[in-house]
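Dock chain one against chain two, each of which comes alone in its own frame, and use the hints as you go.
Chain order of the listed sequences is V and Z. If you read the first sequence in my numbering, its first letter stands for residue 1, the second for the next number, and so on. If you read the second sequence in my numbering, its first letter stands for residue 1001, the second for the next number, and so on.
Read the hints as simulated data drawn from the structure, not as lab findings. All residues carry an ideal CB built from backbone N, CA and C; glycine is no exception. All the pointers check out, no bait thrown in.
Label pairs and their computed distance ranges (CB to CB): (1) Phe1089/Z x Asp60/V: 22 to 32 Å; (2) Leu106/V x Met1181/Z: 24 to 34 Å; (3) Ile71/V x Ser1151/Z: 22 to 32 Å; (4) Leu1245/Z x Leu106/V: 37 to 47 Å.
Below, each chain spelled out in residue letters.
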Amino acid sequence: MPAHLSIREVSKVYGGQTAVDCVSLEVEQGEFVALLGPSGCGKTTLLRTIAGLIMPTSGDISIDGKSILEIPAHRRGIGMVFQSYALFPHMTVSDNVAFGLRMARLPSRDIPELIRESLRLVRLESLGSRYPHQLSGGQQQRVAIARAIATKPKVLLLDEPLAALDAKLREVMRVELTELQRRLGLTTVFVTHDQQEALAMADRVAVLRDGHLEQYDPPRRMYDRPASAFVADFVGQMNHFPGRVLAIDGQTVHIGTDAADCRILAQRRDGIADGDSVTAMVRPERMVIGSTAPDNAANRVRGVVSTTLFSGETTHCIVETQLGKLVVAERSQDRTADDFPHKPGSEITIAWRVEDTHMFPRT
Amino acid sequence: MSRGLLAYSIGIVVFLAAPIVIVVGVAFTSADFVSFPPTGVSLRWFKRVISDPEFLGPLWNSAKLGVTSTFVSLALAVPAALALVRHRFRLGAAIQAFMLSPLSLPTIILAVGLLFFVARIGLAGTFLALVAGHAVITVPYVLRTVLAVYSGVNREVEEAATVLGAGPFRAFWHITLPLIMPGVLAGAIFSFLLSFDEVPVALLLSAPDTTTLPVSILSYLVYNYDPAVAAVSALQVAVIFVLLLVLERTFGLQRVMFTSSNK
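The following block holds chain Z by itself, in its conformation from the complex (with noise of 0.2 Å):
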């Protein structure tokens, strides 16, 4: 890499995680205020944060919201997917751009027209409203890392194993889910961060006892500016640091969000 690339690189890198930095050092500070760098080290913020029903909560229904909602994208994504690669169907196309079309939907949008459509059905500030508002919002991530990964599987080895005897379900079982298995797996792993992370979908739909954690934080912010919010914060980035981890440890992020090779 030339030296140019190679400054120019390190400036996007410094550029991207200085927020990030900023942050987490913020929530190590043993000030009773915001300070960078921190003044001192401590973790006296991280333990107020814990034990605070106002973040516990929130956490917990964060927690909740992004497993059920992945569960929904991918029981949607995922035979869609399979049948979009497998069966070229007229309407095929149609049915991937539909599917796809969140995406370059704005999300405050989204959640305006969830929020009128929700309110009319009486659903207004369930969980199952915010379940469906993330699924909707997650799907289009979980249908174009299985569709990546599953039009690169060889279409013979699925006919193999049926001709070998495996009726429709064994096949999928034995042969086609661990085959796409990495990209089920990215899928999910985007879905649960993008849902934990998500704010205006949440904003509008949650009940005081459905807030999630980002919406929690933003109603902190409103009356508090105290090291609180970067300890919450932090702990945020941990987790998704260490999804992020286990994905790249165990598929390799390369290969699952740009090339479809399964090998």
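The following block holds chain V by itself, in its conformation from the complex (with noise of 0.2 Å):
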């Protein structure tokens, strides 16, 4: 049964170190959320506390209403998997995954088919007496996913479940990983600093940064309208402007930027004044070089392409340009032949439009 999470003003404290920060999230029933940032930003020291494995110093967490706090770690009816995977490596995996409901005192007679069906839902039924050393690593991954989910718990927690994976079996596990919890049901909490990854697989995504909540979103609105300038690096690229006000004409911020005499246009925002410092930033994909720019992209640039990088799906182009280095991405797919890629040394203009620009002040 799928649980309603709840975390008020919890804090971390240690010594004279503040790990997190009187953070709060609700986790709604079912909802898959992301804890995203960069290393030591909290976000592994806040799903230990939700596990009990650590005790907050302050704030208070609670599973469908009731206060967690008071129970211990081994009674709260939480499923934890570990970055290591944490597999015992002295049972086999059956025994692995019966583990938690050998604890829970769960008549032995049902116990096997609970396994088969825990194994099952992670397509690894044939493997129940092999040992963990005798697994390839994602198949690891599955037992500590089955070990986690047999018991039924109330809250599934992943510490960077696919940190430890090459490339092309995380892509794999992502979506397997996805389409289990909607299966299940259950609600989720997954640590992880591959934003990508957050931005994929969860329903929404929590920025932490230095212990705080920097934004707690769903991942397209988080992209599109990030609501600091970290948030808006660390998730997605941007270009970056930094610059000042120059004027505010209407709806219309004009910013001086700081590397040239050029002018930044952005929509105007509470908070920003005549004078203020900003940085403005621009997506990759915002930009679109050449003659095939809307007519109601007022900002524009001329520049000299320097590299290109393909990707696949994706072009992105360096091109030199009175504002810095821009970075430019298009879908491959939209240049014919002719012009792709863009020749190192062609001139080109690249524009956006004003509301493309996002904009935030700079301390």
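Shown next, in the form of structure tokens:
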């Protein structure tokens, strides 16, 4: 039975260091939430606090309205997949999966079927009698998942579950893990430093930095409307333009960039006034090269192509301009064979719309 | 291995094994006196020793002492090792150094100190005093082996057991203990062997009814010089050899003594 997880103003302080700083999050029943951030941002600490392996310094964590802080870790009914998988090396796959069931003192005649069911969900039915050291990394990870879900936990926690896998396997597991979660409808929180993973898998993403919650939104909204410069830069790629507000003309803000005499136009937003230091940011895929730019793309700059990086579906074009080195992303198929790739040294114009300029105060 | 190194290794092995070979050889002699090489092969001295209460009593004492002091040693060192590895606390290094300190103490000094103390509190000559003395000597060995093995156990494995519903005792019993068992058994076997073989503390602390085997061999040698001593020693060597073989077969001496991996 999936549960509602509530994290309210949780802090964890170690001596002089604040690992988690007053974080509040609500995870709905059946929701798949990602805790995303760079190393040391507190995401793993927060996860372990939910599991009961760490006691928060202040704040509360509750499941279905009831606080779990007083409940010891072995009685919280939570499933967890560790980064190292942490399989019991002296037990077979079946015994590993059965461990939680045995600890719960389920009748032993029910256990074999429950083991089979779990292994079937991760497609490892035939490997029950193997030992962990006889399995590949990907298989070990699946056993870890099977073991965690066998007890039908209220909440499932995953600590960088895909980090140790190679790129191809990671892609496969992303899909499998997401499908598994949907199928079981388990309330899930997973920790990752990989923003692509978070965007691809989660219903909502919580970006953490130095223990603070920077933004908590569905992936699309977070990508399109990042709440801070940090989130804008961490999630997806950005071109940066530090500068100052020169004038505000109706709904349009004129930003004078530090780099050159160029102006960048952005949409007005609250909290930014004339003379403020700001950083303007534009996503590479919002910049358009050449004549195909829409007419309302009021931001224009000329430049010279430096390099192109082909990565299959997308091609990144590095262009030297007055504003600095820009990265423009295009769909490879949008270019005809003749002008693909843009020849290094060719002169081009880059344009983007006013509403595609993100703007953040600069401290 | 180069020829020089091989020759050197053989030399070392011969040097170390020679006394044992000689003693065991003498034990099988059919003569009335100590002779090497043995003048004939016979089991008479073994038969003599096995039926002699002068040796049987002490043998039984040594066995009892070995087992008891090993259990005490385990009871002290295993929990200490677990705490030292998992909870890095300020006094940890100091406690570890303290528990390992008997290693750097000459045993005779320890024995003299114990003798004074034990006499003071009225426990002179008791089995309890011997157990205490031997536990002090053997704790460092158990601590070392368990520390080595436990350091190699992934902490997350125990955490996984906890999250899966195992309380502290069940997590220890089902997960930690099986994983540290090589270290525990190695430590226990070392402890028993050390105690079985130990002389200074046993010499000073034993009374006529708590004499250990090595002590009885020593006193026998004062007035006698015959192959009986060699036979007893050969039996002792056999016990040690069997125990070490068991350890090697089940866990591998190399793994347990020098490395901390638990593969």
